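Please assemble the complex out of the two chains, which come individually in their own frames, going by the hints.
Keeping their order, the protein sequence lines are chains A and B.
The first sequence begins at 1 in my numbering and counts up by one.
The second sequence begins at 1001 in my numbering and counts up by one.
Hints were generated in silico from the structure; no laboratory data involved.
Because the structure is a prediction, the values reported are computed rather than measured.
Think about it this way: if two alpha-carbon atoms lie no more than 20 angstroms apart in a straight line, the pair counts; the simulated EDC-like pairs of lysine to aspartate or glutamate are:
id: 1; chain 1: A; residue 1: Lys29; chain 2: B; residue 2: Asp1197
id: 2; chain 1: B; residue 1: Lys1132; chain 2: A; residue 2: Glu25
id: 3; chain 1: B; residue 1: Lys1132; chain 2: A; residue 2: Glu24
id: 4; chain 1: B; residue 1: Lys1132; chain 2: B; residue 2: Asp1197
id: 5; chain 1: B; residue 1: Lys1132; chain 2: A; residue 2: Asp23
id: 6; chain 1: B; residue 1: Lys1031; chain 2: B; residue 2: Asp1197
id: 7; chain 1: B; residue 1: Lys1035; chain 2: B; residue 2: Asp1197
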Amino acid sequence: MQDLTLVFGAVVIITIVIMKPIDEEYRLKFVSGAWILALVLTAPMLSELWASQAISYVEDDGNSHDGLPQEWEGSQVICFDFSSDSEHPVFMSGTTMISSSGESISVNDAFNGSLASWDGSFIGDEAMTGACIGGLSGYTNGFGLTLDAVALLPNRDLEVVYDVGDYGPFVTSIGGVTQADDWSSWWGLYINGAEAPVGIGDLQIDADDVITWRIEP
Amino acid sequence: MFDAHNIALSTAETLLLNAAILGIIIFALLKAERKLDESSSWIMLGVLAIFAIAGRILFEPLPNIQPVTVIVLLTGIYFGAPRAFALAGIVALLSNLLVVGHGPWTLFQVIGWGGVGITGALLSDWLQSDQKLNVNRIALVAFIAGFAFNWIVSLSILIQADISVLLPYIFNGLLYDFYHAAGNLAFAAWMAVPLGDLMHRHRIIPNENAVSEVVTN
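Just chain B, with the same shape it has in the complex (with noise of 0.2 angstroms):
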């Protein structure tokens, strides 16, 4: 009588969809994060994996533009390489296996993204100047990592094809390697403050390295 669910919607209408749903995801998870503790720098870790996970698969309509490497970036400012690793490696797997696809190539994506991480963290200094993020630097940092992270994936032909097409490959992607790259410097210039702002609420305060627990017992 009436299908609701068979609606055929064209890029456009689907990328409308996903921007609202993002747009709920992001505006819920922003009115909880005002009652977070100060220091649950581990709960920041799980919203922003839920945020590039989401961010990930709602823009895959667009080609290539997605915030994963951006969020990844300011991971590795604000809360250190390690941290932001795992966020990659988190981030990578599940957007991967809920809709991208799974494969070899997710290893390279997961050491990619958390390079990007451990760049964010070796270069945090240089990227923020009196507490307050440089955006325009991290916008060139995010658009070199598009061109960096896809060529860190690219590598992974080489698990079936020989060394001497990897230089086609990689020069039949660049279009593609500049839609990640473009996407990349959007993304920073319009998330890295309040994304920062946010990390900076909840971010690791140098000496929290308490007693661990298991040593009392």
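The shape of chain A in the complex, shown without the other chains (with noise of 0.2 angstroms):
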């Protein structure tokens, strides 16, 4: 990134002395030469930094997948949000994007997890530092969901733990992130950016939904 900003600054500085002294009928000549030798040099660069940005993200038009990497489109995703008195110790800036294959793909600095609470007011509109596990399929229970997508992370940095009660499942700790005795912090779950209206063990998901876990509040 800062190779490119002095290539560019560079020419940008370059066109500026040139414009003047240079004869009109040369001008266009030099400045577009200049452009294209430092387009080429930084194409690379560039061209990494173009698909690393948004742009491979699902367009913002109020679905459950925005911001989330294309190629996840149609699958199940889960995402973690810690926030900022909880820092994961790996996942602190922006949103990791891991594949099915425990691999990361690329990190969204932006993304929020379209999160609203019950009354329909956004808590998402600040990016999420986190991460998102996404292109899985076949699962119609969150819980299981949740135990194999963080099973596929090679160093279990997002490690699972959890009490099984009377009402099935609870999960006190994600990712050595662990609730407050007090209930001062806790985990919440949402589905497709909505607080979840039952626990996980009995949250049933579909081919395309996105399960989101947020240290709250």
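Shown next, in the form of structure tokens:
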């Protein structure tokens, strides 16, 4: 990124310097030549930068796959949203997109998960920090999806700890971030951006659903 | 013992090699052109096709930078839409078959480049002032044509995909489109005048429509 700024900064300066003294007949030749040279030299960097940006993400159209990699359209996705008070040691910046083979595909710095609370007010205006695992399929139950998805990560970075009570499994800790004993923080569950009406053990999921775990409040 | 064909060239080396070959082709053709009959517009079209095909293949190592669009635009200005369209077809088909890859998209490229040729023919008066090419205007049209051509070719994905993917697809390609546009600008700056002079010498005289030989039989 710094190299790019340097190269294009230099070209802009050259363009400005060249503009005045050079005869009008040759101006376009030299300016276009300088720009082409800069573009060709930086082509690998530029295309990498372009590909890593929001470009490959689904457009913001109110769909639960907003901001997720395009190739995950129609598949099941699970996201984990950590807060600044309870930072994850690895996923501290942006939202890391992890494929179904456990590899990090990209990082989306603007992903907000489109989360809304019960009253409909958006809580997802701020960008999430955490990770999403997607491209999954065949799950009908949220708990199975959660456990299998985190098992895909090679370093157990998102290890899930849960209790089993009268109402089924209850998640208490994800990736080392544990809910507070006094309930001042807890792991909230969302499905397609809306707060889940039931616990994870009872959560039925469809082929293109997006589940989000968020450390609350 | 000694394998002279087993040399791996880097992109820069390939480019240098190609530039040298292109230089030889252009030099030889320009020498030959001086001996051409003033009105041999058909031979001129053949020479232009060779320029365009050679240019497209030889610039292949660079991302989407090639002289075809500018050559077709100039052909439209000097030789009119039908011949520019024919040139577009020959160049797209032959260069795709030879190197770049032939498929359904070739048809879209023919239409795209043909459209550029028609634009050149329609704007012919505006793109020239006092019998001379207005290079700045040509550069502007060539720059826009870079994007327009790529978007027309992008329509070819509709053969296999739904219309909803078109916009993200085009958005993904914007950087690549920009390379085409910037390349066109540079080619227009450097080539428009010499190529224009060349075409001007062999341009079609308006009242050339002589009696067809078929009629006499």
